[in-house]
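Numbering that gives the first Met the number 0 puts the sequence shown at residues 0 to 145.
Note that these hints are calculated values from the structure, not bench results. Only a predicted model underlies this, so the values are computations on that prediction, with no experimental measurement involved. A hint or two may mislead.
[Claimed, not checked] Pair by pair, the computed Cβ-Cβ distance ranges are:
no., residue 1, residue 2, range
1, TRP104, LEU128, 19 to 25 Å
2, PRO114, GLY3, 38 to 44 Å
3, ASN65, LEU112, 32 to 38 Å
For every residue, glycine included, the Cβ atom is placed at its ideal position computed from N, Cα and C.
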Amino acid sequence: MWRGAHPALWIAIFGGLIAFAWEMFQLPFYSTDGLGPVEAAYRCGLASFGDAGIMVAAYLGASLGNRRTPWLVDWPISRFLIYLAIGLAITSVVEILAVGAAWGWTYSPTMPLVPGTKIGLVPIIMWVLVPTATLWLSRKMGLGSA
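Working from the sequences, and respecting the hints, build out all of it.
Below you can see the structure in the form of structure tokens.
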């Protein structure tokens, strides 16, 4: 049985925190042009805020048609795969639009690319690991110790 706040709240909180750590980790895969630590943290904070928003949107999208308690209680593989697919689709579009754009970012030479695309592999890997950990922690918060 689900207790407490709506899962989207926990996803936003945990997603933002975990994504921030990941954004800082993946910084060497992007051209930073000598960013200082404060500017790097600021940019990673903005990116993690966006990542959390994508995770919430993916969760809500995966929840469409679910008539029972939050699907995190049972964690059906179909809803989980929809969640990941929505996040991967949004992330891929953002990467395509932002890389090289005046308002976006550029990859460093160390960024591996998804074969046959110009999309970085590191943000795609992020969209499997970080959202999965976020759901797991959110589920723990919603189910409590019982």
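### Message
Of the numbered hints stated earlier in the document, which are not met by this structure?
### Response
none
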